[in-house]
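Peer 1: Chain by chain, the residues:
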Amino acid sequence: MVVVIRPRRVATSAVVVASALALSACGSAGPEPSGGESSGELSVWFPGTNQTEIDLVTEQIVPAFEEETGATVEVTFLDWGDMSTKLNAAFAGGTAPDVFGHGPAALADFVANERVEPLTEYVDRLSAEDQDDLADAMSGGQVNGTQFLIPLSLQGSLLVYNADDFVEAGLDPANPPATWEDVYDVASDLTVRDASGTIVRSGLLLPSQPIGRQQTFAFLLHSAGGQQLTDDGAEAAFASDEGQRALDYFTQLFSGSDAVSAGLGADYSNAPTAQQPLVLGTASITLLSPNSMQQVVTAYPELDLRVMMPPKFEGADDGHALGGAGPGLMINADSAEKDLAWQFIQYMISPDTGAEYTQGIGAIPARASAASTPYVQDNPVLQAFVEAAPLYVTNPNVPGWVQVRDTMDKYIEQALNETTSARDALDRAAADVDKILEANR
Amino acid sequence: MRRASFVAALIAMSLIVLLPFVWMVSLAFTPQEQAFGSLSVIPAQPTLDNFVTAFVDANLLRALANSAIVASVAVTANCVIAVLAGYAFAMLPFRGATPMFYALVATAAVPVSVTLIPLFLMIRGIPLTGGNDLFGAGGSGLLDTLAGVVLPYLVMPMNIFLARQFFSTAPVELAEAARIDGAGEWRIFTQIYLPLARPLVAVVAVFSFTGVWDDFLWPLVSTTSADTQTVQLALARFLASGNVQYGPLMAGAVLVTIPVLIVFLFNQRSFISGLSDGSLKG
Amino acid sequence: MAPAAVYVIVFHFVPVVYGFVLSFTSYSPLSRSGPEFVGGDHYTSLLSDPDFGRALLITGRYVLQVLPLTVAIALVLAMLVNRPFKGVGFFRSALYIPHIVSLTAVSMIWLWMYSQNGLFNEVLSFFGLPGQAWLLDEQTALNAASAMRIWKALGSNMVLLLAGLQSIPKELYEAARVDGAGRWNLFRYVTLPGLRPILVYVVAMDIIFLAQGFAEIFVLTQGGPLGSTTTVNYLIYTEAFQYNQFGSASAMAFVLFALIIGFSYLSMRGISGRRN
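One line per chain: the protein sequences are F, L and Y, in this order.
For what it's worth, our numbering labels the leading residue of the first sequence as 192, then goes sequentially.
For what it's worth, our numbering labels the leading residue of the second sequence as 37, then goes sequentially.
For what it's worth, our numbering labels the leading residue of the third sequence as 2, then goes sequentially.
Think of the hints as simulated: they come from the structure by calculation, not from any bench.
Mixed in with the good hints, there may be bad ones.
Take a look, some chain F residues computed to stay more than 10 Å from chain L by CB distance [unchecked claim]:
#, residue
1, 253
2, 313
3, 425
4, 503
5, 569
Derived DMTMM-like pairs: lysine to aspartate or glutamate, alpha-carbon spacing no greater than 25 Å straight-line [unchecked claim]:
#, chain 1, residue 1, chain 2, residue 2
6, F, 503, F, 432
7, F, 626, Y, 50
8, F, 503, F, 439
9, F, 626, Y, 37
10, F, 529, F, 250
11, F, 529, F, 509
12, F, 626, F, 315
13, F, 626, Y, 52
14, F, 626, F, 432
15, Y, 87, Y, 175
16, Y, 171, L, 212
17, F, 626, Y, 42
18, F, 626, F, 259
19, F, 529, F, 355
20, F, 626, F, 433
21, F, 503, F, 363
22, F, 529, F, 363
23, F, 529, L, 212
24, Y, 171, L, 209
25, F, 626, F, 363
26, F, 529, F, 543
Since we're looking at a predicted model, the values are computed, not measured.
Yeah, the Cβ is synthetic: ideal placement off N, Cα and C, and Gly gets one too.
Okay, chain F solo, but in the shape it has when bound (with noise of 0.2 Å):
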């Protein structure tokens, strides 16, 4: 059965399950508490604002491991999106809590600063089996090797593809195209074009709005071989033969006759779902999360969408997508009570909690293990989202991040918009990066 994302039903479900999985939680998967009892208290703001989550952690979570440990725990919920601005006055005024969560771009910028409890010696005590079971989610909550932020789900958004247009193209919806290059011949059959030769129909739409482009640059900068920069972080490396292929396919997807995409600059990724365009018809392949994706089947099951594993560039290793670690929770470096935080983030990410909690909120589970849970197995969409996982490849963690791919966006977007070369914005980007990266170090 595929979950409807709707706040009441599913919360209501949540009550239910959460009772029976806060004594199982209490009596197998509960770590033990490392400092013995604890009268603590522990202050977590919590990186989402989804009813289900909410539920979870204030039903679940919070009051299990309160009996357990003795803390009280005070818990807020704050979208990801509004955490630096709190955080920031937070540090500065010496009140940011124990535990909190935030996405892992601006991670680097809380280590730098020493903000952050590495937590490498919390990690190390976890199981082997647990500790092999988070490794595609924990490699993005690292910085130079030491693990900073546990992710509490995994994401990743893939091509998504309209299996009658398909067909009607006369394409094999069983066969999608493996190389770009295929799916740009795929993408030209299924462009429909109205009598002045506007496109009506896009046969690829990939995200080209603010922030979007800076991540289908490198989605397909990876499926080409490239990377965005050298391994120590230290300076750009996507001004590249193989960033120069990545964007320029992208620019020639919306130019020209030959275009296959309208809508430069267009939004579709955080668009309501009947504006998606696989639903309106303006789009046959577009990139979505697993959330948006099964939003959409679920209100039009009339629509054959299927998921097509990341292409690669003809020549090039692998295929990738753009993924990995989600949101996740740090612990405070001036915490009082780092190991009853650690605890709190343990009850977490242990296997049943990460299992609901990530089906709450229609995200990638963390744990490799999930993908034999119902949750994964009962939905085709979650199945294919998870089948990627080991292609998806992170944005760097590096101080100066968000700049950085605000930097990379700026001139991404100028070729695209064709007014200046591919080449030539890669290395103005380049330069820029590089002092960025330079100023923050």
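With chain F fixed as given, assemble chains L and Y onto it according to the hints.
Peer 2: Leaving out everything else, chains L and Y in the frame of chain F:
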């Protein structure tokens, strides 16, 4: 004839201006999956679920109560202090009044991004509150309290500016005559000028209420617990990145608009043409 | 009044002074070492920053195109609802509603109205006109943001001007009518001069707030396309809260501050003219 065209113009303008709001109301009654699915204003399958979700999930009643408390305190303080200060600037010239007035207005021209953190540090450092010692150290001050939320709004410089502008048109002769009669300054203000200032007080009340009610950034950084949540923070619950819950968001937004509308309706009655009829009679 | 004065100094002046001091430092709220003095470096580098220069121009254009329209329309509306008739409260509220609806919620509606298959394009296609990429086209994006801002700002300006109209003594109109003044002359010689103090306020406040235009840009365009809607305050917000560079953000803020004060002072002088 003229009246008909005047009414037609008003109706047309109101319709255009209300259009986005009408769509909000429509979405508030539309099931989540169908949001933005059609151009029709009347939802195909109207539902009240969104309102239930807004009330239950976002704890809207508590948030409405909190915002009402904060806004009422701000309205009272502004209607008294800002109006008095504006009156003083306009009618009781004192040394340094002009530079002080301009400096005050100028503070509104500094982007809030810059003043947010200093303000936060100050609220945290208020002595003898929230576990703080006499020097404002050791605790969290007024952070995460409604008092801390309202403190920066108590006197809004814009309202002082507005009051000064308003009183600057008031006839000075009335005060002079009263002074000759031996009336004190306080009496002159309360008996002569305050009654003239009903539209001003109404505007200050409406603006103070709206300003506090709408603010997001300050409550976001200064409060953390569910007990101190204001309405805009409550609404933010439905704005999860990439997963906006349109139905509950719009339902909540419509509900949250109603108290402001009531405050406005109550105050707009002070804008009665001809109120200033008696102004020169003294 | 003494406590009030102390309050104003503490809560309105101190944060500004603190921000001004920060503009001469390098400061991230995350850093443990606190602000680090760098002198006027931020200001000198702003001089040669093309992005900042462009943002200033965009902000200027934004103010210039929103201000006159919003004041003029608000004045018309205020005069329309400045008479006692049954139901005037309804119209006043209707016109004030945009000002009080939650910006984040209503911005979703505007995003949709401006989208490819949104309301505006549906209306165009009804008349057989081609659709526009309102927010995605460099030529239209700032205008689209301006339209939303005008819509949002109408109500407050209307209420202010309405209150201003109340303060004009009725006797002045009567006297002018006795002298045979027509409708235009009444407006020109009684209404406008009577509104002057409130108009000074409206214009000064609109300049101050429009020049800090940020929220509508943030929700509609994120500064794009191609930076064509990146206002100064958008840069300041990004610099401060995205990049954690409060020093340079403060420097930008005080350059903007100086310009805002300059322009509002000039326009206030212009409108008040010679005091009668």
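Peer 1: Confirm or reject each hint.
Peer 2: Outcome of the hint check:
1. 253: Its Cβ never comes within 10 Å of chain L, the nearest being 13 Å, so this holds.
2. 313: holds, 25 Å
3. 425: Non-interface label stands for residue 425 (chain F): nearest chain L Cβ at 30 Å, farther than 10 Å.
4. 503: holds, 26 Å
5. 569: holds, 20 Å
6. F:503 with F:432: Roughly 15 Å between the alpha carbons, so the hint for residue 503 (chain F) and residue 432 (chain F) holds.
7. F:626 with Y:50: Holds, at roughly 15 Å.
8. F:503 with F:439: holds, 15 Å
9. F:626 with Y:37: Between residue 626 (chain F) and residue 37 (chain Y) the Cα gap is close to 20 Å, so the pair holds against 25 Å.
10. F:529 with F:250: holds, 23 Å
11. F:529 with F:509: violated, 41 Å
12. F:626 with F:315: violated, 36 Å
13. F:626 with Y:52: OK: residue 626 (chain F) and residue 52 (chain Y) at ~16 Å, within 25 Å.
14. F:626 with F:432: Since the Cα atoms of residue 626 (chain F) and residue 432 (chain F) sit roughly 21 Å apart, the hinted pair holds (cutoff 25 Å).
15. Y:87 with Y:175: holds, 24 Å
16. Y:171 with L:212: holds, 22 Å
17. F:626 with Y:42: holds, 17 Å
18. F:626 with F:259: violated, 50 Å
19. F:529 with F:355: violated, 54 Å
20. F:626 with F:433: holds, 22 Å
21. F:503 with F:363: holds, 19 Å
22. F:529 with F:363: Not OK: residue 529 (chain F) and residue 363 (chain F) at ~55 Å, beyond 25 Å, violated.
23. F:529 with L:212: Roughly 70 Å between the alpha carbons, so the hint for residue 529 (chain F) and residue 212 (chain L) is violated.
24. Y:171 with L:209: At roughly 18 Å apart (the allowed maximum being 25 Å), residue 209 (chain L) and residue 171 (chain Y) satisfy the hint.
25. F:626 with F:363: violated, 48 Å
26. F:529 with F:543: Roughly 23 Å between the alpha carbons, so the hint for residue 529 (chain F) and residue 543 (chain F) holds.
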